[in-house]
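Undergrad: Using the sequences plus the hints, can you model the full thing?
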Amino acid sequence: MSTNDPINAELKVKLGKYRLNSFEFQKINELLGRPPEGVEWALFSALWSEHCSYKSSRRHLKKFFSTSPRLVSGFGENAGVIDLGEGERVGFKMESHNHPSYIEPYQGAATGVGGILRDIFTMGARPIALANYLCFGKPAAKRMQSLVQGVVHGISGYGNCVGVPNISGQTEFHESYDENILVNAFALGYFGKKDVLVTSSAKGVGNWVVYVGAKTGRDGIHGASMASESFEGSADQPLDESKRPTVQIGDPFYEKLLIESCLEVINQNLVVAIQDMGAAGLTSSSFEMASKGGVGFDMYLDQVPLRDSTMTPEDILLSESQERMLLVCEPKKFEAIKKVFSRWNLEATKIGEVIEDRNINLHWHDEVICSIDPDLLTENAPNYDRKFEPDFTKLPETYVGDSNKISLSDIETIFSSLQLAPKNWIYDQYDQRVGAQTARDCSEPVGVVVLPESKRALGIVLGCRPYLMRAHSYTGAMDAIYYPAIELALKGLEPLAVTDCLNFGNPEKPNVMTDFVATVEGMSEACRSLKAPVISGNVSFYNETRGQNITPTPSTGLVGLGSSADQIPGSYFSKNSDLIYLLTSKNCISISGKRAELVGERLKLSGLINVESTAAYVSGLLALVKLGQVKASRIVGAFGVLPTLVKMASSPFGAQLEISATDSIKENLYEVIVVVEANNQKLFEVQLDNFAEAFTYKKLGRVTADAEINFKDQSLPALSVAQLKALSRKAWQNSFPELT
Amino acid sequence: MLKFGVQVLPKPEVLDSQGRAVETLLKKEGFNLNSCRVGKYIELEVEGDSSVAGLAEAMSSIKKMSEYVLYNPLIEKIEIIKL
Amino acid sequence: MLKFGVQVLPKPEVLDSQGRAVETLLKKEGFNLNSCRVGKYIELEVEGDSSVAGLAEAMSSIKKMSEYVLYNPLIEKIEIIKL
Amino acid sequence: MKKVGITRFLGTNCDRDIWAAVEDLGFQPEWLWFENQYDLKEYQAVFIPGGFSYGDYLRCGALAARSQVMKSVKSASQKGLPVFGICNGFQILCEAGMLPGALLRNESVQFIDTWVELESMTSDKRWSFQDNKKIPIAHGEGRYFIFEDQKAKLYDQDQVWLKYVNNPNGSMDDIAGVLNEAKNVGGLMPHPERAMQTWMGSKDGRILLEKFLN
Ligand SMILES: Nc1ncnc2c1ncn2[C@@H]1O[C@H](COP(=O)(O)OP(=O)(O)O)[C@@H](O)[C@H]1O
Ligand SMILES: [Mg+2]
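Chains as they are written, first to last, in this note's numbering: chain A, 1 to 740; chain B, 741 to 823; chain C, 824 to 906; chain D, 907 to 1120.
No lab work stands behind these hints: they were computed from the structure.
Ideal Cβ placement from N, Cα and C applies to all residues, glycine included.
Mixed in with the good hints, there may be bad ones.
Across the chosen pairs, the derived CB separations fall in these ranges [claimed, not checked]:
id : chain 1 : residue 1 : chain 2 : residue 2 : range
1  : C       : V875      : A       : P737      : 54 to 60 Å
2  : D       : K977      : A       : P305      : 30 to 36 Å
3  : A       : N511      : D       : N1072     : 32 to 38 Å
4  : B       : K804      : D       : D1030     : 53 to 59 Å
5  : D       : K908      : A       : K339      : 29 to 35 Å
6  : D       : Q1036     : C       : L906      : 46 to 52 Å
TA: Here it is, written out as structure tokens:
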């Protein structure tokens, strides 16, 4: 191809604008039997984007463990749904809004929350809980203070107003996110006995296609394809300020009206199918609904309610204006639907009809501007087999332990790390209790809501520890399942199912793709061992800025079920002279841990996680907790036992330990701390002995009331809990002086 | 001492969620209203005198403050008024 | 069509926490600033012509809307501007 | 069963929570839709729930305060109907002129979700209680404000209902809730309906609601 050739030059510009490559252009030619015309460009651009088509990940996502007798609806639907028994079901999903949040943190994060909520209530579930997984760069990185502030305000601004409690979260900091922050929002919705579940599969020739919610504006045009590209693009496609799409503005008030009205029409059986307009707006919702139902649509684009009357058909097709839904209904039910929406001050407008022909005919006034088989855009989207290294289970180096003695200044360094800093500046701004169903809030390792009808406890916890992902992605991915699963088990909640948000760099780079494949395999193995399927998720590639890729970050959301919220062990010490135990998994591996990274060393592992033993550990812990003796519990996380104990030591408590200071900062996969009444020691130890297959145990010491941590060998003097906590608080204040 | 007002409004192409809600309500109540947009109003007092140079300097300082924190140029526009 | 702007500010005796936060931040950054207050700005478009009678009528309608809901006279003061 | 009305505005999000609490206490809740007028004679009491009516746009509670249903509630309250406003409901009652004062942006300029301890200040039996109560707050604009001269009147007439033991938002005189002169209308920023069960973290809210309804 000569660039001097005017035709080729024109084509190149077009491919650039629509973010399609020449291979894809070729494929479109073959499918259509001619080059694309008019709005077809926009359609292929949107639906063949990485974001909508999963073209680099599809073949791998198939490998996810995804079966369960509880499964009601899995991959492919808006959100995964599982059956909890007793007539209750929950649907949940997690989604990224990384690029928009970096551009405009408040609106980016807010619309991320809005979008994930729509994925939930579009199925007929009432959203009852939110959670968020955030990764930021170094505090000193450019714009980082305002990014953190904007993102948190955006999440709280939207979630609080729409009235869904945010009950859990995770926040990470690392330089690999300096120019690519991650904002992943999780939402969970509830179906009671009588609640109707609907899908997005359009049916019934002659039925009407109805548009509801906010009017369409120029918001986020080309958003989907932009989210599928590295930041600041390639050299020949610099991100031109003027070509930036209009920032999408979220309106949580409108969303609240949409929730109520959509649930009303769904539960009154007025709709056949419904889908939110998310990425690539009207295009993706209509094409997916038609394609799934095996039908076609006549769509009258000139009937779409507009905020700006000068919009072209292409603008209308690609707009990502928020708070809009598309539904299919029988014509005779339209008036009833309209009435419900109008009661909530919203409009419902007929914009098309379902036709037998498997074609989407786009009308613009009296003209048919496009007529195309929806499957060409959905089913026939590219499916790439990107290059990766298959030996990802191999460990680069083996950890053989180290014999360095810990010093006071080591302890100070550890407690001054941002990893241990309290995150309450973040979650104090989230309404954690609206709905009046919250039993455990963000101040706890696991968020818990009480199910409205059966009053059982439902736990939500997010996982993925980037420092492990940086060390060994296969192990880190397993940890993204096991760590939260253990956290659930420790609260007496059985891990049931998983959602995920796979945040990665540029998939065209083999090392990124290798991490991706390793992640899918690692997560899947862990899920299989726990019989907890992955029921929904989202992939976010191209988290890359000028060649710098993020830490591979597969954030996960695990949901667990328990019989009652009154029997959940606490997370804090509550009584002098209670006994503290350390329970260690069989075949546990040791790692040089977060501390290695803190001092600039590569984190090493002693081996691979043993899947069977770890699964047995999870079920053993769950069974132990259910016996009812455990008063408080926590998993041992970053930096080992000591920081975990300090987290548990609410004022005025401390601990007298039977281990050395040096041993108290070792990290193993996995260990947990449990607390029991001293009077129950015998009974408890008998119980522990019964779980010898699942774990070994050791008495760590006892709770004291002097707010000090004392070690066995007195190699270090007693540590003041208050002082250690003050160091952690200061770590936050020094990093984010404006955010206190 | 000089006083300025800064009027901040969402850009015309950007959705104004607040304005939309207020507009709907006022129209329902039967008020004569075509459209309504809601933004922020900030009043600032700065050191300076009303000489041409003094005014120019103050104005440039107000502009800088506006860009620094008073509005978000991605989604808002401003108008600065000498009071 | 006539256009009006309504500037709403907290009364002087009311502590304006938003204004104070902005003021503190700007002063910390070394900006030339004595004080700052943050309120609302509402732009309204109403039917009407620019004749004296038309203007008067429009103005009275704007005043009614302001009193009806746009500000809370207990804690705020307003200024209406013809644009 | 005795009927208890619960107002519902566009955007209200704690309506279902207070509904559950009212049911739990053995009363029969009924919705009062914002666009309708009601004759409230048969109602034992009315709740104005918390939570972002009209998205808190313009001023919290301002748009809801001007609704049809509030006209009914206001006139019924003048005839003695007991009215209880929670959080946004408190803001609505102030905006509607049914309670004195106003609620401004928190001193920290941030939304705050936390637990607070409340002390009862009034001697009125419907509202007063003995031991301090632990109840959560969740608001961005809960800083109570009233001009000095009116504040004196508030104290004189025993209208200060609740005070925070540790002021979370900069409220004047630590005020968390107030009553009208006739003592049949009360509003508070904390959410008693979120403190109904041990698993919620406290059952103290139940006591406030029970006292009000009985
Ligand atoms: N983005 C967030 N949103 C809500 N809660 C958060 C967020 N980040 C952290 N948290 C909360 O802060 C606390 C500390 O988090 P973490 O460092 O994971 O420690 P741990 O889970 O071991 O207590 C947890 O209770 C967690 O729920
Ligand atoms: Mg955690």
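Undergrad: All the hints need checking, so say for each whether the structure fits it.
TA: Here is how each hint holds up against the structure:
{"no.": "1", "hint": "V875/C <-> P737/A: 54 to 60 Å", "verdict": "56 Å, holds"}
{"no.": "2", "hint": "K977/D <-> P305/A: 30 to 36 Å", "verdict": "32 Å, holds"}
{"no.": "3", "hint": "N511/A <-> N1072/D: 32 to 38 Å", "verdict": "52 Å, violated"}
{"no.": "4", "hint": "K804/B <-> D1030/D: 53 to 59 Å", "verdict": "55 Å, holds"}
{"no.": "5", "hint": "K908/D <-> K339/A: 29 to 35 Å", "verdict": "32 Å, holds"}
{"no.": "6", "hint": "Q1036/D <-> L906/C: 46 to 52 Å", "verdict": "58 Å, violated"}
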